[in-house]
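Asker: The residues making up each chain are set out below.
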Amino acid sequence: MELPLLSIIVFSPAVGALIIMALPKHRHNDIKLVAAIASAISCLGSIYAFFTYDTAAGGIQFEEQFAWIPAIGTSYHVGVDGISLPLVLLTGVIIFAGVLVSWVREQRPREFFALLLLLVTGVFGTFVALDLFLLFVFYELAVLPMYLLIGIWGTTRKEYAAMKLTLYLLIGSSIALAGVIVAYVDAGLGTFDLLKLAEAGFEPGLQTLLFLPIFVGFDVLGGLWPFHTWSPDGHVAAPTAVSMLHAGVLMKMGAYSALRVGVLLLPDAAQVWLPWIVILTVINVVYGATVAFAQRDFKYVIGYSSVSHMGYVTMGVATICALGSSPEGAQLGLSGAVMQMFSHGVMTGIFFAVVGLIYRRTHTRQLPELGGLARKLPLVAAAFIIAGLSSMGMPGLSGFVAEFQVLMGTYKAFPLVAILSLIGVVVTAAYILRFTYMVFFGPLKEEFRGLPPISAAEKFALAFMCIFIVGFGIAPGYILQIIHTGVSEFLAAIQ
Amino acid sequence: MDFPILSAITFVPLVGALIILVFKKGQEELIGRLSIAFAVVPVLLAILLWVNYDQDLGGIQFQEDYEWIPVLNSRYTMGIDGLSLPMVMLTSVLSLLAGLYSNFTIKERVKEYFISLLLLEMGMMGVFLSLDFVLFYVFWEIGLVPMLLLIALWGGPRREYAAIKFFLFTLAGSVLMLLAIIAVYLKTDTFNIIEAAAAQPWADNIGAASLAFFGFFIAFAIKLPSFPIHTWLPDAHTEAPVCGSVLLAGVLLKLGAYGLVRMPLSMFPQVFGRFVVDIPILPILAVISIVYGAMVCMAQWDLKRLIAYSSVSHMGYVLLGLCAGAAGIYLGGDYLESANLGLNGAAMQMFTHGVTTGGLFFLVGMIYDRAHTRELRDFGGLGVQIPYYYGMMLVTCLASLGLPGLIGFWSELFVFRGAFGTIPLYAIIGGLGIVFTAGYILWKIVQHMFLGQPKERWASLPDMTSWEKATLWPLVVTMVIFGIYPMPILAPINGFMHSLVENLAQILH
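As they're listed, the protein sequences go chains A and B.
Under the numbering used here, the first residue of the first sequence carries the number 9, and numbering increases by one thereafter.
Under the numbering used here, the first residue of the second sequence carries the number 8, and numbering increases by one thereafter.
Take the hints with a grain of salt, since some may be wrong.
Stated by the list, open to error - Listed below are the simulated BS3-like cross-link pairs for lysine-lysine, each with C-alpha atoms no more than 27 Å apart in a straight line:
id, chain 1, residue 1, chain 2, residue 2
1, A, Lys-453, B, Lys-451
2, B, Lys-194, B, Lys-118
3, B, Lys-462, A, Lys-453
4, A, Lys-467, A, Lys-453
5, A, Lys-467, B, Lys-118
6, B, Lys-31, A, Lys-467
7, B, Lys-172, A, Lys-467
8, B, Lys-114, A, Lys-384
I should point out that these hints are in silico values taken from the structure, not numbers from a laboratory.
Just chain B, with the same shape it has in the complex (with noise of 0.2 Å):
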């Protein structure tokens, strides 16, 4: 095919984003389908994209390489794998959801507010869909502003607070990424992603290597976001507005774990095998980011604090996954298997707590909008008195925790089972924090919120509107869906890291 399609999954949005730019106030209505319809697009063609991908070739595919600034040496290469292309249907259905939703919340300076959910949106397919690091990195920049001023004039009460840190630390993380891709680059000459993969820069130089490693793990771990790096995290979601919320948790932490797979785990496997096998720091990590999320989210009274929390400890089971992974390919021969599986669950725990997460932040949006209050200590009863909201939310939470037959289930297998075969210790003591996070979904959400005696302050409470359905409906529907069947997912996934591992354990042994 040769219509570029990723370029225009990735620059619809900005071309919206021109447009809304003529617009004068008082045109709020119109801005606000123009964005729907701009924010549609991305979802054709995501649709387009995964149909057409060819599941038994597997590889890049739908590749686009033009010439970009060749006194840096540096090309706009884009291409979509089985890691990427469920990461960018997600992206394109949660912008579409959030564009959606906000249409109906966003009264302020909606203009503004929809120009930056649209360049918002350009940043995360860019950076999914790019192949080169100077390409890579500039649309991981890109991301950060729009969501800087989503939260900064959006936001709740302690916005300005929560978006300095919010970008203070990622930027942080990514000028640490900028360096070790500076490094890499003068050492193996090309910014092509894959190519510098497969050459494995000082494949022989564990010091050198472990450096070059910890640039790019600190700068995805912030993003992940990992335990002790998270603190960013709960102030940004609590403070920002729904959708913001809503992209923050449901795609750019997924940033962070597509990154570490892409860099850290391609182009240093030996240095993530050493430093989860040998020197087991990463997988402490993962389990405490589970655990301690987990337990953290068990102490919040606040409702979107609580989810917010328990994103840092959804995605501990990535990172574990992800060292399962490495352990796995480290190790090699018969561990290969666990380490297939591991990685899976972590790319698939990617998708999943995208779609469950989501759906969480947009639920406590719409609580929020009619009840003024997140405090779960208020709620109570809930459950007779907007029963089409509980069902909607009971779903979401289930999935958000693991229950089979729904979609959250498939990943957290995948993860412990890999785990248990590569690094059973951390796989036990993250099996903890199911505990704690079922804990933590059932008595403090469902039951607090919804069940028990009903409260007079909630009598007339209405139930969820037209709209909110249509926003939530997508995501529950992929939830149970993929939840009885996940092959559509699994099937890119498990094609991409089976040979993933593959090349790694050939490289390494």
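So that you can see chain A by itself, here it is in the shape it has in the complex (with noise of 0.2 Å):
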């Protein structure tokens, strides 16, 4: 029998789950090792999905079908297609790391790691879903534990920010869900499978009536402004790992999914509204990115720069506009937006990491008060700046090619788009380059001088992430052949 590979990967941070919640809560570490362990083995499995997809022939590949709930025509229906492998690699990495950077964590940990793999597999279930039922019990799985996670281990203002969060992210997939339901019945197949639903095709009407619902919905999490503003207080209150999860992972998950359920069911619609929704991310790239600048704490500096950056995954979404005109621009706008996914949940990842880092030894993120730092963390700083480059879409690293990719599409379907995010682009190198200058370079003060150096485990956990950026953009041609294998199959789909 054929091994269950992605139910491996999605059940198996659940089934450590349990595990840690059995064990008795002072055995700090055994939990700790059940977590990395739990982790790994979703982190292994996703790799090798990742390198042995046959992407000559292409499609959904490594599938499961059971029965679930015939009643309501939802099955347990999964399978990985060109564009969401290389999301389940990105969770499987992010995951991981964030284990590992979590090593230190003493408070309450059998609790949090329990919450965290709960989370974990949410995710991982989102991105495999080709049921939209199972898809949304997934997405609830992955957004409820991060009301616990940050109110209970976060910081500042973590009522706050838990709260926002929560309720942000649950009204937008409820507004989703609802039009989803609608689509169900309307329909009339009995079946929530998102294969079948999309071939039934939906009369225009209806299709422009549900996309905002169903596609908005969802990018409330994939941080479409002006719904972003949890996003911001939510990272920054959350734990480390929390926010590498979110900001990196979970945030694509909520792109991901209003590609896949909005733009796949409805795809005139998507004609129609996209190309105003186009103007929001170019809001996202630019505000955002300015406001970063501004930011006197550190990871709000980062929180900041995840808004910034997911607008450039909503643009090369909207690129399918140009279909019609230049199907290439559209093949390109999309492939970015899916590069970019995977390359800007790395990059902050590795950013996120490394506040945490900084924060746990410093126990301040303020700007001013930082400073000199690569002289005690030069590989953290060296971590950084990579993830830095990445993020401002220098050649070499994985950003640089996610960043073109959309860059061209883009220009294919609104070129004043293209041109008004290339400001974005500006703006970040400026406040990349200020930040690191803040933060690492200039003079050490007296206090962090004792600091104490990088651990194994989080030296293994930013390496692990760089590797990624760095062999993505010097040596691409892999996962862009596995991403323009899923969009051209997708784009075909909704033509």
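Each chain sits in its own coordinate frame; assemble them with the hints.
Answerer: The structure is reproduced here in structure tokens:
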């Protein structure tokens, strides 16, 4: 019998969570070990899937389908294609790195790791779900633990941030759910299966009505302006691994669901609404970068940088509007969006890991109070600089591969948008340079002279993430092949 | 020749940088020596290229073309022709001299320094050799980060400010260039620079062509640098460490000039010509750079800052030459000969300025090392105290101001001969610049530093050491020999410009 690879990837963290809850709460090392193993299994599984996906064959692979609740027409139907596979890999990488970075957590680690792993199951599940009901279940599973994770283990204004984040995301997903249910009823097929619903087709009037609730409902999690305000507060308040996961992966979940559900089911409406939504994405990019520049709290800088970079993702999705006039533009734009989801995910994982490392040692995130840290933590500085260069689109790193494609596609579809978005690149460079300097260079404060050095776990986590940024930057061929396969099929499906 | 010599020239420095990566603290000397070794190889390869380049055949030679990013339709294409040949030579020699000089002057974070230097060399080479837009852009950007590090970590008191300003200005330009590249690609369906130029995108739509033109132009004008977007240069040059300034002024600025020829001039000659002849914005910018740059030099008391501004002025000659070329092509007929001359001058000036200003920055470094000041007021009568240095400085300064018999003369001659034939008004105004140049060089530099009464303070100032001499002699020899006999440099440049002018004239008329 074929190994149910995806189910192993999805449920290994959940199993780990259950085991952890069964352990006595003082057995910290065992708890962490179980967490590490569970996340490692998922990580290795996702790497395996990534490198064994058959790009020649394409389509959905590693598919599994079991009956679940036939009464409402939902089955346990999972599979990956060229679009979701990189995201599964991303999740694996980030959760493993996240567990390593959280190794020193002493406050109630049992509940922390259990909730974290549960959350990750939800994320993996969302990316591989091919049944809408299943997708929603996993989606909510990824959102709900956030409230506890931020509220209990968070920092700045944690209760407020936790509440705001959870409410925003729940409201967003509820609106999307409402739209999905209407679609389900209208299709009359009695199934939630994504592929079957996509084939069914909906009449343009209904599509236009449902698109905004579904697309925007999901893209709230993707940080679409002006529904992004949960993000900076949420990310800042969250503990390090949670921020890494959230900015790194969950936001992609939102954009991905908007694409997979909104655009796939309602392609005609997408053509109508996306030219308006793309205006919002420009604001994401430029406004997000500008606000990042103005921050005094290091973590807020990264939070807003995520808002800015997620703008490129939705911008790339919007290039499908060029499908009629220039299919090549749409192909590049959408590929760029998926690449950006992966690249930014890893990049922001590095960013938040670095911020967490520094905060744990210096107990401050205020920029004026930091400085000169490159002398004490050179590897941390190096990782941050690599991620920083990637975020401003430096060739040789994965961010360039992503932004270049998005730019090309967007220029074809909405030339003015492409031009305006470049302002974001320059502002991004400005704030990255400024904050790299303020944190890592300049004079080292007296009180920081005795900072503990980087630990082995932290070193590995950072190096692990950097490998992907550099590797896929220098040799993007393989990941681009996967993404392009997925994107061409997606575009073919919506035409 | 099947050996991928161009890739070798570009990537040998990278190999060196990677090898240096494994060294630890305490092995500085070895790192320094190794860097020199890795910098010698490109020089040897450049000489090989020079000797084997077929002047009669001309055009792109030693071309390499491999698949690179199929999904983007971008190929790894490299080639060298009469324009890039002198540039490659210049880059390799200046990088070697910089490596040599750094061996004796850089004591902190030696490993990181040499890695940056080697990566910078790779970036610069790659830009000159790339024939694919994406490849060009990649190398262009890759060159920015090492220079940023060189300025920010080993520079002067205001280094962070200068470094960030340099990076952001250039990045803003790059971003515009990226947009223009994408626009051209979507119009011509190719990322190959030569093919795109041949396709003459938007030849019938002057409006769209103008937009693309300015996208490229502004990016390269920032790098050149041309007034009014030159303001990053004085700070960057002044604050950079010696070898940073040498490579910045010696090579990086030429990237801008090179780009101007390869892209805006070759792809949109009608737009370039229009903005020189019909709406003369560009020659105005050129002469402002020349004259204003020279006047600001006259007002400087910091030697390094003075030389920095002299770059603004000298690169103005390049722009003037390019304008003359564009005007001649645009007007056609009898003007073509002047166009050819103007362009020759511009390309020669690229080479000349690299050699002379590279030399000047080395010399500034040397005097600062000894005297720990760059204030011209502090100096005086050094001609007596350090005669060897005086001699070298004098030759370099005279070459920089264009004294006949030294290399600078030819480039200025050709630029002005070309400009007189096509855009005479600007040639005349630009000629003023020559007077001011002589002014600041002779009065400010030579007189204040070397003439007059020797000062007590400098009584025991040591003259040049053997390695300092070793650094300067190649440059001085170049200035003298090619000043007397410029043909070896002129021949490939002329070959390239002649065919360029012919081709473009044919297209336009």
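Asker: Which numbered hints does this structure break?
Answerer: 1, 2, 3 and 7
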